[in-house]
Structure formats: C-alpha cells, structure tokens
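The two chains are supplied separately, each in an independent frame; assemble them into the complex guided by the hints.
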Amino acid sequence: MLTEDRAELKPSVPEGMWHKCKGCEKLVLKEDLKRNSLICPKCGTYERMGSWERIELIADKGTFREINGNIVGRNPLDFPGYETKIEKVQQVSGLNEGVITGYADIGGIRTAVGAMDSNFIMGSMGSAIGEKIASLAEFAEFYNLPLIIFSASGGARMQEGIVSLMQMSKASFAIKKHSDKGLLFISVPTDPTTGGVTASFAMLGDIIISEPKALIGFAGRRVIEGTIRKKLPEDFQSAEFLMQHGFLDAVVKRKEMKSYLHKLLLLHGGK
Amino acid sequence: MSAWDRVLKARDKNRPLPLDYIAALMEEFTELKGDRLYGDDQAVVSGLAFYKGRAVTVIAITRGKDIEENIIRNFGSPNPEGYRKALRMMKASEKFRRPVIMLIDTKGAGCAVEAEERGQGEAIARCLYESATLRVPMISFITGEGGSGGALALASTDEVYMLENAVYSILSPEGFSSILYKDSKRAKEASEIMKITSDDLLELGIIEGVVKEYDDINENMDKVYGEMDRILTDFMTRSEKLQIEELLEKRYERFRAFGKVLWQPEL
Chain G
53 MLTEDRAELK PSVPEGMWHK CKGCEKLVLK EDLKRNSLIC PKCGTYERMG SWERIELIAD
113 KGTFREINGN IVGRNPLDFP GYETKIEKVQ QVSGLNEGVI TGYADIGGIR TAVGAMDSNF
173 IMGSMGSAIG EKIASLAEFA EFYNLPLIIF SASGGARMQE GIVSLMQMSK ASFAIKKHSD
233 KGLLFISVPT DPTTGGVTAS FAMLGDIIIS EPKALIGFAG RRVIEGTIRK KLPEDFQSAE
293 FLMQHGFLDA VVKRKEMKSY LHKLLLLHGG K
Chain Z
316 MSAWDRVLKA RDKNRPLPLD YIAALMEEFT ELKGDRLYGD DQAVVSGLAF YKGRAVTVIA
376 ITRGKDIEEN IIRNFGSPNP EGYRKALRMM KASEKFRRPV IMLIDTKGAG CAVEAEERGQ
436 GEAIARCLYE SATLRVPMIS FITGEGGSGG ALALASTDEV YMLENAVYSI LSPEGFSSIL
496 YKDSKRAKEA SEIMKITSDD LLELGIIEGV VKEYDDINEN MDKVYGEMDR ILTDFMTRSE
556 KLQIEELLEK RYERFRAFGK VLWQPEL
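For the protein sequence lines, the chains are G and Z, in the order given.
Start counting the first sequence at 53; every next residue gets the next number (our numbering).
Start counting the second sequence at 316; every next residue gets the next number (our numbering).
Just chain Z, with the same shape it has in the complex (with noise of 0.2 Å):
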C-alpha cells in the first residue's frame, strides 16, 4: 500500500476515533472538562477511567464522526485551552499517581488568530516541558492523524504506537509539497517521501509499535482492540517493575536519542 493510501485511510470518515477505543477498553469512562483558564476545547477529551480495574487518566485529541461533531471539535485541531486542558489532567495524574493513556488524532494544532492570541506556540511547549518528569507512566496511540507539534503536545511519553494505517508526520502533505515543492498539489508525492507510515516511523525508531488493522479495520475492531489492550497490558506491567528515577531516565533517553549526529572531525 502507497503512504497516500494510507493518509486517505488515516482521514477516512467511517475510521474508529479515539473514544470508540476508549469506549472499549476502558470502564466507568468519566470525562472532566475545561482547562481553568479559559474554555474547555472539545478537540481535546479528557477524564477518568478504570483499565483492568485499575484508575487510568485518559487523554485524546479527536475530530468528529460528522459535520456536526467536527464543528464542535474544530475538525480535532485544538485551540491552546485543548493542551492546557491536557496538561491540567497530566499534572493531576502525578498527584493520584495514575497511569496516563493519551489517544491521538489530530491534522495538528488549531492555526487561527485566537490560538495565537493565546498562545499556541506555549501552550505546546508546556505539554513537552512537563512531560519530561512527569512522574507516572506514560503511553500514547496515534490512531489516525498525527499531525506535527499539535500530536506531539501528547506524545512525548514513555512508548508510542500507531494503528497500521495511521500516519505520523512534521507537517501534513499538503503543507509540506507547498513548502517544498512551491505547490500543494504535490502532496501525494510528498507522502512518499515523507516517511510518515507506521512502517516507516517504527523502522525509524520512533514508535514501539504496530497495531494491525487486518484489511478493513472496521471488519476487525475485535482484534484490533485485543491487540492494544495486550499492549497497554504489557505496558502497565512493565513500567510498574521500574522505580520512576528509571521510568523517567529512560524517557529522557529515549527522546535524547532521536537524530544521533555526526561530528566532523576536528581539524
């Protein structure tokens, strides 16, 4: 399958959302709203659950199934009340010392003169800034769109997984063919040369990994779904073995890592 096969897929409307996985995985589901500075931006939902018995903190970025779902979550671009909202129930994970479980979905951040007025730019940044020592462990699935800063406000986390025909990417296809190429029409060629398919990114070392999706993932949401719960299974077991000094080390490393460079010799 082509990388643009794969944005279509990524946007296709009938695609499970971030709450359908919720909704499944998840029990007693109790969404929280509102970031107490300024809204609550419904691109970004967040709240309570139990996983397997044990209280979970969820976090998602989501678009809507229809028109009228996208409008009220601005087509899941959030605004920066969306990642202070994110950031208020990451903090408050720390304090109840719960697990964070982030689901993403987003073409990326909100672009328009409010988020600016606001500020977007810092809203993100403390997303990333916190995450860094943020003393519970930290999971994050990107089922559809992983669009630029705007994911990865929620995916700078312990381990990273994509559903098969997820994308994750610096810029969207089009944006980045107009940047590159001058022209934004140019965007199927861009995506395969972007590097932005689950394949790609978890031969990269970016991801941990790969959720199948069997064809029609909508034929199989059985099976998807028993995959991430193994995943998130595995994950809880695993970091709850390890003292948070090391859980927090190991995060450090692991985006410490990215992009290793070359040092031209001294002359």
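Isolated chain G (complex conformation) (with noise of 0.2 Å):
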C-alpha cells in the first residue's frame, strides 16, 4: 500500500493536485476526482459536492439562471467578529452565502433549484439561508415550477441566535404554500444535514431521497452518545438507516442522480 502510494507521488507533481479519499485513504487526482463526480475512482467513496457542483450534477448544461444570488445576512445580536467571519469564508468559499439557488432545466423540464453548501460555515442556516429557501419556494410558487432542493447543514447559525430559529418557520410556512398549489417538492438531504434544517423543510417534501451514507439527523451523534453513555453504531442517521426506518423515498446513487430527477419530474407531469 505504501509503495502504490509513493508510486502515485510523482515529485514532479505539485501537492494541491492531489486529494487524500477520506474512505481508503489513497491519494487521488483532484482531476480525476472531479471527472468522477466526487467520487474516490479507487474506493468509491463520495465526498461532499458543493452548490455549483451539485448544479453542474442535474441541470441541463447552460440552462442554470441563478435569483436571488446578492442576499446576504445581517447580524442581528451585533455578535462579535461575525461580519468579519463571514467576509473571511466568502473570500475562502467564493461564496456570498451557504446556499445558491435560481433555475434550470432537468432533462428538459423547468424546475427551480436550490443547493445548500456545507463550505460556509456548515451550511448552517441564518437569515439569508432562510430569506433564499423562502424567496425559492415563492418563486416557485408563482411560476408553477416544482422545487427540488439539496440540503447540506450543521443546523442553524448560532452567532444569528433566535432570528435563526425562526427561519425554520419562514422556509416552512414558504413550502406549504408552494404544495398548496399542487406543486411538487423534492427534498434531497445530503451529507450532511442536522438540526434545524432536518427539522424544517429537508423533511418537508413530497419526495425525500438521499445518497448512500449520507449522514441526516435531527440530534449530533455526539449529543446522543453524551447521553446515553455509548458509542453508536456506525450506519446511526445514515441515509440507509432514516431509509429503514420509513423517513426517506429512497437511496440514489449520485450518477443516477439526474435521471432519476427527471423521471420523478416526468411522473408528476413535468414537461
């Protein structure tokens, strides 16, 4: 293994192009990393895709039309150092905030589209968090488009405290709106997706789906093994797991991502 390793380390190549897989632990090309949508060629692994690469993933190429892309959040509690926080993951992230949403085609078919990114600060859900899956889900509301949305969230933005919170209800009161006009909504949890997101629209769809491994829960496993005083077992709030236990549609592997999409738009009417 060690030798396959150094094999694989040509002196010639500089460090940044390579990504240790977090499952086997062998060193990838970036390149071919990303050729494979995330996924470790060697060990089949996924490693968690951003907003833009989880677009690049379903929509038709070119037809992707971000809205709502200016929103940023505010600090509500004057907590300190968050403006400065934020303008430091921006920088990093190349990201205003920890989502993107806007539309595009799937196999043809109009749908709006939002895709959370656990790059910036979790993805954890503030108040343009929020304002985006609400304004997404109206948008969607008054264009007649169904809504599918990829979560990736720690939960909420603490440093946003109460106002956070209540973006539970605001991104909620949003999507029932939008299915009171008869309009599909798929959630797609992906890993990974805790707290207040789980415990607000991610399990609000008509269809829920997810992809192998994903971690979703509602409590940190952590919290849970605190408590209880033991470890738990590996595949706990695993997709496969919530899957077993009634909470989600199915476990969709990422290639069969898109097609699979389109055949769930295809079956509610989509055109």
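Warning: the hint list may mix true and false statements.
As the list claims (entries may be wrong) - Dumping the calculated DSSO-like pairs for lysine-lysine here, alpha-carbon to alpha-carbon at most 27 Å:
hint, chain 1, residue 1, chain 2, residue 2
1, G, Lys282, Z, Lys500
2, Z, Lys500, G, Lys233
3, G, Lys233, Z, Lys575
4, G, Lys86, G, Lys140
5, G, Lys137, Z, Lys575
6, G, Lys233, G, Lys310
7, G, Lys233, Z, Lys406
8, G, Lys86, G, Lys265
9, Z, Lys575, G, Lys283
10, G, Lys233, Z, Lys410
11, G, Lys140, Z, Lys497
12, Z, Lys406, Z, Lys556
13, G, Lys140, Z, Lys575
Quick caveat, the hints were computed from the structure, so don't treat them as lab data.
Small disclaimer: the values here were computed from a predicted structure and weren't measured.
Structure representation (structure tokens):
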C-alpha cells in the first residue's frame, strides 16, 4: 500500500493537485475525482459536493440561472466578529452565503433548484439562507415550478441566535404555500443534514431521497452518545437508516441522481 | 437582572408550570392522550377546555414538579410522538373551529436514539408546516424555557408571549457555548450575548408581549394570571374580527419578516 502511494506521488506534481480519500485514505488526482463526480475512483467513497458542483450534476448544461444571488445576512445579535467571519468565509469559499438558488432545466423540465454548501460555516442556516429558501419556494409557487432542494447543513447559524430559529418556520411556511398550489417538492438531504434544517424544509418533501451513507439526523451524534454513554453503531442516522425507519423514499447513487430526478419530474407531469 | 439570572429563574424548580396556568385560566380542562401512531408522550399535555365559555384546544409542553413527575415527562423534552400528538390536536381544532392556546416550558426536543429512529426532525417540521395554514387562531406563551426547535414547534402561531423571566433561544446557553467556545462551562457568558430574555426578544420583534412577574412570581400569581387572562381575551376578540384568510396572511407575514436581509448591490 505504502509503495503504491509513493508510486503515485510523482515528485514533479505539486501537492495541491492531490486529494486524500477519506474512505481508503489513498491519494487521488483532484482532476480524476472531479471527473468522477467527487466519488473516489479507487474505493467509491462519496466526497461532499459544493453548491455549484451539485447544480452542474443535475442541471442541463448552461440552463441554470441564479436568483437572489446577492442576498447576504446581517448581524441581528451584534455578535462580536461575525461580519469579519462572514467576509473571510466569502473570500475562501467564493460564495455569498451557504445556499445557491435559481432555476434550471432537468432533462428539459424547468425546475426551481436550491443547493446548500457545507463549506460555508457548515451550511448553517441564518437569515440569508432562510430568506433564499423562502424566496425560492415563493418563486416556484408564482411560476408553477416543481422545486428541488439539496440540503447540507450542520443546523442553525448560532451567531444569529433566535433569528436563525425563526428561519425554520419562515422556510416551512413558504414550502407549505408552494405545496398548497399542488406543486411538487423533492427534498434531497445530503451529507450532512442535521438540526434545524432537518427539523424544517429538508423533511417536508413530497418525496425525500438521499445519497448512500449520507448523514441525516436531528440531534448530533455526539450529543446522543454523551447522554446514553455508549458508542452508536456506524450506520446510525445514515440515509440507509432513515430509509429503513420510513423517513426516506430512496437512496440514489450520485451518478443516477439526475436521471432519477428527471423520472420523478416526468411522473409528476413535468414537461 | 442579568440574562443568566433569568435562565436560573426560568429553570427554578418552584416556578409555576404550564398546567398551573391551565388550571387557573380554563374550565373543565379535559386531557386527551395519544398520537394515534405510536404512543402517548407525557412531555406534551393536550386537551380541551372552556375559556370564558368558549371551547378551546390547549396544548402544553411541560417538565415535572418533582423528580417522579420529571421522569414521566422526560424532563419536558418531547419525543416525536409528543409533537405528533400536538399536531393531531391542532388538526382537530381546525375541524371543530376551536382556537389553539399553547404553553411552553421545554429545554428542547428529546435527543435520544429512539427519537431519531421515529423521526424527531420530521415530527417538528410537520408542526411548523401545518401551523402555516391552520385555519383557526393560534397563540403561544413561553412560561419557562423555550428551547430551540422543540419549542418553536408549538410557537409558530399568530402571536407569541413570554413570561418576564422566561427565556427563548436557539439552543441552551450550555450548548451554545460548547459549540462556539468549545467549552460548555462558559454558559453564563454565552447567555449574556445570546439575546434570550423577554426584553431582548420583544425588542427584536420575535414576541408580541411580556407578562410581568412582579419580583417573585410565586407571591404574585393572581396578578400574573390576570395579565395572561387579559392577553388571551384581547387576542380572542382581535382574531375573531378577522376573516380566516386575513389571519393566515398575517401569520405568514409574521414569520416571513424575520431576518430581513440586505441585498448587495448588483455589479
């Protein structure tokens, strides 16, 4: 194994081109990983996808149009250092906030799409994410579009305190409004989706699907382990665990995600 | 009074609990049990009662008075079946056109293996979702602790009030400080910046009003009941004047307005 790794480490290749797989711990070329939808070509482990990668995965080429891209949050609690933190994360991630929203064609079917990004303060939901999700659902309701949201979130944005909590109701209310018009909402909680996002829009899809082994839950694993003073089984709160307990419709492989979504859209009368 | 002093007051074991308010303000309270799906969660107490001669639905999340009752009530932390019981009661109120009155004292939703297996997230989400369009007036009082999504599930209503020394927060100060400072012992410090007191939340527009406690709540319960009674009566009168569609629109806008955001100028 060691020699294999060494053989891959050609001295002329700069370090930044390699990625260490979190599954098999082998080094893979970032380019190969990207070409393989962020799935390790050696062991099949899924790496987390960012918002734009997610959109590229499911949208017909060149059809995505972003809406409300300039929405940013504020500092309702005057939390010390929050603005500086946001600015820094914006620079590093190249994102304005933890979700990208807009619309795209999926196999030719016009769909409102949201994709959260765990690289932005763990995709934690503050006022900006709440506003973008609610606006997206209202947009979809206004234009009679089906709605697909990929969630990825550690929960509430602590720095925005109670205002973050209110986003759960705000987003859920907008989802209800969209639903009452007879429109389809497919929720795709991805690795990891926990806390306030799980306890609001991520669990409100007409159909809820996920990817293999994605972590989805309400309470954090460590919190529960601390309470019961026991180690939890590895598959606890995995997508497979949720499906087994009746909270997911299907676990869909990443490379089949687009065709699966397209099929669902067709089955709901998408044209 | 510091925020931390209020946290301690909210958690005080002698503090009046939701069932005390129900006993004082309602007549013929009739408890109805079970979620019709799995079980009966005693952290949530629900039923019917007369308020000033009018049938209402009452739903409470409550801890216990002593250790025995706390064990039965899971220390005020509902499992999914508690939220599903609450939801069942809400839907029944809609059918029979009864206003919904909710009282909340919870550290938060239960964190346990069983709660995850039975879909804690889904159970809370469904309460928020259905609250959006429940076609009857809804009002909530946070009487002690209002912990996170577990409290919000019963507080996505037309109007929300807090007792003066109640607290309402995204997470317990202990949880908040362990996430942000990686140290749960800085809870006191965290509580001061979290904006969890009734004054702070009134100023932020999260709640409609505060019920005064007059230094020692236990010595002044008659005044406290009187104040809550006035709030309830006013709410009933106000909401009865509205068409249901208007009420729902106001409820939607109430939550839609939280966390107004800035748009960075387009380049």
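Handout entry: In rising order, the numbers of the hints this structure does not comply with
Key = 2 and 9
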